[in-house]
Amino acid sequence: MNIQNVNHFVHAYKIAPWRIQRQWIGSALLMVVALAMVATLYLDVTSQAAIAGREIQDLTAAITISQQMSGDLQTQLASLTSARIMQQRALELGFRPMVSGEAEYLVVAGYSVLEPDILSSAPLQMSALTIPPQYNESLLDWIDEKIIFSSGGIR
Amino acid sequence: MRQQYARRAQVLTFLMGLIALGIIVQMTRIQNSVEAAVFRQQASNYAYVLRPFYPDRGEIYDRRGHLLAGNKSVYEIGVDLNLVKDAHAIAFAVSEELVLEYAKILDTIQYPPQGLSYVVIADYIEPQQAINLQELKKALQEQAPEGTLGGLTGLQFRSHPHRSYPENSLASNIIGFVSREGRGYFGIEEKYDTLLAGNAVQVLVPTDPNKAFEIPRVPNGTTLVLTINRDLQASAEQILDESLLKYDAQSGTIIVMDPRNGELLAVAGTPRMDLNQFWNYGTIYNNASEFNRAISMPYEPGSVIKILTMAAALDSGAVTPATTYLDTGSILVGGATIQNWNQEPWGMQDMTGCLQHSLNVCMATLSTKMGAGTFYSYMDNFGFGQLSGVDLAGEAAGRLKIPGDSDWYPVDLGTNAFGQGVTVTPLQMMMAVSSIANKGRTVTPHALYAMMRDSRQYNVPAQFAGSPISEQTANTLTAMLAVSLESEGSQALVPGYRVAGKTGTAQIPVNGFYDSTQTNASFIGWGPVDDPQFMIYVWLERPTASIWGSETAAPIFSEMAQKTVILLDIPPDTIRQQLTAK
Numbered sequence: 008m009n010i011q012n013v014n015h016f017v018h019a020y021k022i023a024p025w026r027i028q029r030q031w032i033g034s035a036l037l038m039v040v041a042l043a044m045v046a047t048l049y050l051d052v053t054s055q056a057a058i059a060g061r062e063i064q065d066l067t068a069a070i071t072i073s074q075q076m077s078g079d080l081q082t083q084l085a086s087l088t089s090a091r092i093m094q095q096r097a098l099e100l101g102f103r104p105m106v107s108g109e110a111e112y113l114v115v116a117g118y119s120v121l122e123p124d125i126l127s128s129a130p131l132q133m134s135a136l137t138i139p140p141q142y143n144e145s146l147l148d149w150i151d152e153k154i155i156f157s158s159g160g161i162r
Numbered sequence: 003m004r005q006q007y008a009r010r011a012q013v014l015t016f017l018m019g020l021i022a023l024g025i026i027v028q029m030t031r032i033q034n035s036v037e038a039a040v041f042r043q044q045a046s047n048y049a050y051v052l053r054p055f056y057p058d059r060g061e062i063y064d065r066r067g068h069l070l071a072g073n074k075s076v077y078e079i080g081v082d083l084n085l086v087k088d089a090h091a092i093a094f095a096v097s098e099e100l101v102l103e104y105a106k107i108l109d110t111i112q113y114p115p116q117g118l119s120y121v122v123i124a125d126y127i128e129p130q131q132a133i134n135l136q137e138l139k140k141a142l143q144e145q146a147p148e149g150t151l152g153g154l155t156g157l158q159f160r161s162h163p164h165r166s167y168p169e170n171s172l173a174s175n176i177i178g179f180v181s182r183e184g185r186g187y188f189g190i191e192e193k194y195d196t197l198l199a200g201n202a203v204q205v206l207v208p209t210d211p212n213k214a215f216e217i218p219r220v221p222n223g224t225t226l227v228l229t230i231n232r233d234l235q236a237s238a239e240q241i242l243d244e245s246l247l248k249y250d251a252q253s254g255t256i257i258v259m260d261p262r263n264g265e266l267l268a269v270a271g272t273p274r275m276d277l278n279q280f281w282n283y284g285t286i287y288n289n290a291s292e293f294n295r296a297i298s299m300p301y302e303p304g305s306v307i308k309i310l311t312m313a314a315a316l317d318s319g320a321v322t323p324a325t326t327y328l329d330t331g332s333i334l335v336g337g338a339t340i341q342n343w344n345q346e347p348w349g350m351q352d353m354t355g356c357l358q359h360s361l362n363v364c365m366a367t368l369s370t371k372m373g374a375g376t377f378y379s380y381m382d383n384f385g386f387g388q389l390s391g392v393d394l395a396g397e398a399a400g401r402l403k404i405p406g407d408s409d410w411y412p413v414d415l416g417t418n419a420f421g422q423g424v425t426v427t428p429l430q431m432m433m434a435v436s437s438i439a440n441k442g443r444t445v446t447p448h449a450l451y452a453m454m455r456d457s458r459q460y461n462v463p464a465q466f467a468g469s470p471i472s473e474q475t476a477n478t479l480t481a482m483l484a485v486s487l488e489s490e491g492s493q494a495l496v497p498g499y500r501v502a503g504k505t506g507t508a509q510i511p512v513n514g515f516y517d518s519t520q521t522n523a524s525f526i527g528w529g530p531v532d533d534p535q536f537m538i539y540v541w542l543e544r545p546t547a548s549i550w551g552s553e554t555a556a557p558i559f560s561e562m563a564q565k566t567v568i569l570l571d572i573p574p575d576t577i578r579q580q581l582t583a584k
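These protein sequence lines map, in sequence, to chains A and B.
In terms of this note's numbering, the numbers along the first sequence are unbroken and rise by one, the last being 162.
In terms of this note's numbering, the numbers along the second sequence are unbroken and rise by one, the last being 584.
These are calculated hints, taken from the structure and not from any lab test.
In this text, all values refer to a predicted model and were calculated from it rather than measured experimentally.
Accuracy of the hints is not assured; some may be wrong.
Listed next, the in silico EDC-like pairs over lysine to aspartate or glutamate satisfying Cα-Cα at most 16 Å (straight line) [as the list claims (entries may be wrong)]:
#, chain 1, residue 1, chain 2, residue 2
1, B, Lys441, B, Glu561
2, B, Lys248, B, Glu473
3, B, Lys213, A, Asp65
4, B, Lys441, B, Asp393
5, B, Lys403, B, Asp382
6, B, Lys213, A, Glu62
The shape of chain A in the complex, shown without the other chains (with noise of 0.2 Å):
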């Protein structure tokens, strides 16, 4: 093959219709499969965030009926061990109250009276901090936190 049949076929390659219409067609597909990856991708994360919103309200649900039934129970095993129900059941028991002549102090080297601790039933209250980070990154958090990972920096 000489250098002037070469050239005639560049030419010929050159002006060939086809290829221009097949180059933008190409963009075109292009165009459409990358719109369709990122509509694939807006509808991923989309999903799953509307999933861990309907768990979020699922749990916010549940938290609430878990809040009422510990208070329930609190109420309830306060009822159980009142004062006039203790009373009874140590009389029945075989107990009686003492009376002031009764009682043998005993000194005890170093100890010192305990104030009771007093604790709170209030449940710790949530804060953005506390929150799993799925719930509040973002696409583009998540994909800076996965390239970290990946390249194995440190967080």
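Use these hints to put chain B onto chain A, whose structure you have.
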């Protein structure tokens, strides 16, 4: 040929573009049409639901962590009118389970107020009753033919918190109660209503899961810890109830306070009510002042006030403990003759004798010797005629007439000195006398030990209301009172513990005259004398077994004090002094 294909392609492209444009135009048109606006409006109706939030009211504990007031779930039972299949079945089931009127329920379902899609049949239903109805609804649904609805379809259940008092009537006069509307009445519940109440709110909650972050957080109310010791409170109430029977008294009050910081350890009163059945309030009490007599019922205290008259006389320098006077059995003050309780002369007495024998003439002598200016200045400093500032709702101030008031007469200077013509509440009396037990400093009584919110605890510090007398006067008077109790062999004495105190027997005015057969019997005392850790006030109204405070209130004080030293782990004086010496 190639040109022909090219033209076809162009035509096709144009047609496809036209179709695409048409689709876009149509989409835009549809989305902006009138019908679309209607649909959007309909959709927005379901975007949010109005949901009631009932934050838990703050709990109330005693100082050792025993729950005094908590919350439990109760149910609202209603009917969704859009879902009702068989109104008769619902009316029958609910009326049977809740013992309600069938016809009334049926009427509510069939003829609801216009515009309502949900009606409430009953509220504050116990969980077990609601569960029974829920199970019945479920069973009927399971029995219904496939594809059809059960007979109780439309019956709805909504749980919400409701105030509950596990100790029932214990400390009811201090705690108060909460109405179904969530408002606190009396005691702690009313005084700290704003703190305790997490206010119920109606909030629009998004149904869109992507807006889950908009779900509101309604904070619960603040939890309170009281200074009350539950076991001591129970003992005080038991002793009081037994004493009312023993001495056939109309009503009574026992208060136990720490004189060092004003913490109220027990406040027992009668009558008491089961706070879980607060609707019985009207049948138990005739008026609001009876709910907690310790703070709401001023009365003429009688001889217990002699402690303060003597304190004023000693502190002002009018007398010393060794000062003597000749008791002739009567004294003329403001044109009126004042006599001793037994209308007899007691001869030569020193100031300890005055207290020991509770001589009215001696006290009138002291007040007139001090003069109205000095005497009323001290009474004012002791807090008479003013609110004590206790953190319980419903406190009354009592009345101290002073010169210049239209109803003050010169004789009042004499009678006020032994507790007539002046009214105080038991708690005011304790506050005033706390200055004697607490080295001259008056403490402000309080029932709140701490507040808890967001897992943080804030302890309430002790507050002092002033120093009406010197420490020396307080110590001197305490010793005089201890000696006077020991000298007369008072029934108030506590084996193993040295206590100081004073009885009071005040005749009750009936139709403008003092009735010698009806009295208020009182005793106020504290101990151990060298390191006061408790102060107890006893008041019996109209005891008939004996009208004398020395025979009724004094032994109750002793019994209460013996119980107090056990429950507060206060060793007898000899052991305590040995420990201190080491």
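Starting from lysine 441 (chain B), check that the Cα of glutamate 561 (chain B) is at most 16 Å away, please. violated, 26 Å
Are lysine 213 (chain B) and glutamate 62 (chain A) close enough, with their CA atoms no more than 16 Å apart? Status holds; Cα separation ~12 Å.
Is the Cα-Cα distance between lysine 213 (chain B) and aspartate 65 (chain A) 16 Å or less? holds, 13 Å
Pair hint outcome, lysine 248 (chain B) versus glutamate 473 (chain B) [Cα-Cα no greater than 16 Å]: Distance of about 39 Å is beyond 16 Å: violated.
Within a Cα-Cα threshold of 16 Å, do lysine 441 (chain B) and aspartate 393 (chain B) meet the stated pairing? The given pair, whose Cα atoms are some 24 Å apart, is violated under the 16 Å limit.
Tell me if the straight-line CA distance from lysine 403 (chain B) to aspartate 382 (chain B) falls inside 16 Å. Holds, because 10 Å separates the two Cα atoms, which is no more than 16 Å.
When the structure is compared with the earlier hints, violations turn up for hints 1, 2 and 4 and for no others.
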